[in-house]
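> Sequence:
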Amino acid sequence: MEEEAATATAPAPAADPRAGARVVRGHDACHAEAVALLLANGLPGGLLPLDDIEEVGYVEATGYFWVEQKKAKQHYFALISKTCHYETLITGRFEKGCLRDLTGITSKEALFLWLSIAHIFTNPEKHPGEVYFKTHTGIGKWLSADAFALPAEYPNDSSSLSSTS
962 MEEEAATATA PAPAADPRAG ARVVRGHDAC HAEAVALLLA NGLPGGLLPL DDIEEVGYVE
1022 ATGYFWVEQK KAKQHYFALI SKTCHYETLI TGRFEKGCLR DLTGITSKEA LFLWLSIAHI
1082 FTNPEKHPGE VYFKTHTGIG KWLSADAFAL PAEYPNDSSS LSSTS
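Counting in the working numbering, the sequence shown runs from 962 upward without gaps.
No lab work stands behind these hints, which were simulated from the structure alone. Among the hints, erroneous ones may be present.
In the BS3-like style, the derived pairs of lysine-lysine whose C-alpha atoms are separated by at most 27 Å in a straight line are [stated by the list, open to error]:
#	residue 1	residue 2
1	K1102	K1057
2	K1069	K1031
3	K1032	K1087
4	K1095	K1034
5	K1043	K1102
6	K1087	K1034
7	K1057	K1043
8	K1069	K1043
9	K1069	K1095
10	K1102	K1034
11	K1057	K1087
12	K1032	K1069
13	K1043	K1095
14	K1087	K1102
Label-pair distances were calculated between CB atoms; the ranges are [said to hold, decoys possible]:
#	residue 1	residue 2	range
15	P978	D1013	19 to 25 Å
16	Y1037	S1077	16 to 22 Å
17	A990	P1112	15 to 21 Å
18	A980	A1039	35 to 41 Å
19	K1031	G1099	30 to 36 Å
20	R979	A1001	18 to 24 Å
21	R1061	A980	17 to 23 Å
22	H988	T1064	19 to 25 Å
Backbone N, C-alpha and C fix where the C-beta goes; we use that ideal spot for every residue, glycine too.
Sequences and hints are given; from them, build the entire structure.
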């Protein structure tokens, strides 16, 4: 009787989520690109108030995006009295009116409790003027979209934003 050799097949390597991405570098160009992506997907332009952005990438076919900044940042949203922490690398997937599968953003919800934000979305029909934030544990809350508006000094003219070609 012939013995068959047992062959172990290695799992196929995961496809690179960044493959085919449009990549922008340099803070000003990156900030404009991040704002353009947020606005194009029906989200407030001030959701990512980042400093010293080094790179923004976007894969149109999958909606996958990433933002890299030089150092982590905390930002206080005065209108809703919330502090968010933004890691040096933020990733997620855009869908119309939604950011899914987020990594790199946490929100301070109590004295010492920081919760990771998993999804951010809007529902203009049922919740006009609001944005929903959902954690990995399923906890969520509707907050005023005005809290995440672009600062007044930011150019609001879409022609000043990078194109999504």
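> Each hint needs a verdict: does it hold in this structure or not?
Verification of the supplied hints:
1. K1102 to K1057: Between K1102 and K1057 the Cα gap is close to 19 Å, so the pair holds against 27 Å.
2. K1069 to K1031: 22 Å, holds
3. K1032 to K1087: Not OK: K1032 and K1087 at ~37 Å, beyond 27 Å, violated.
4. K1095 to K1034: Answer holds: K1095 to K1034 is near 20 Å, not above 27 Å.
5. K1043 to K1102: Distance of about 12 Å is within 27 Å: holds.
6. K1087 to K1034: Not OK: K1087 and K1034 at ~32 Å, beyond 27 Å, violated.
7. K1057 to K1043: 25 Å, holds
8. K1069 to K1043: 7 Å, holds
9. K1069 to K1095: It holds: about 13 Å lies between the C-alpha atoms, which stays within 27 Å.
10. K1102 to K1034: Holds, at roughly 22 Å.
11. K1057 to K1087: Holds: K1057 and K1087 sit about 16 Å apart, inside 27 Å.
12. K1032 to K1069: This hinted pair holds, its Cα atoms lying about 19 Å apart.
13. K1043 to K1095: This hinted pair holds, its Cα atoms lying about 15 Å apart.
14. K1087 to K1102: 14 Å, holds
15. P978 to D1013: 19 to 25 Å: With Cβ atoms ~24 Å apart, the hint holds.
16. Y1037 to S1077: 16 to 22 Å: 18 Å, holds
17. A990 to P1112: 15 to 21 Å: 18 Å, holds
18. A980 to A1039: 35 to 41 Å: 40 Å, holds
19. K1031 to G1099: 30 to 36 Å: At 33 Å between Cβs, range holds.
20. R979 to A1001: 18 to 24 Å: For A1001 against R979, whose Cβ atoms are near 19 Å apart, the range 18 to 24 Å holds.
21. R1061 to A980: 17 to 23 Å: 19 Å, holds
22. H988 to T1064: 19 to 25 Å: Between H988 and T1064, where Cβ atoms are some 21 Å apart, the hint holds.
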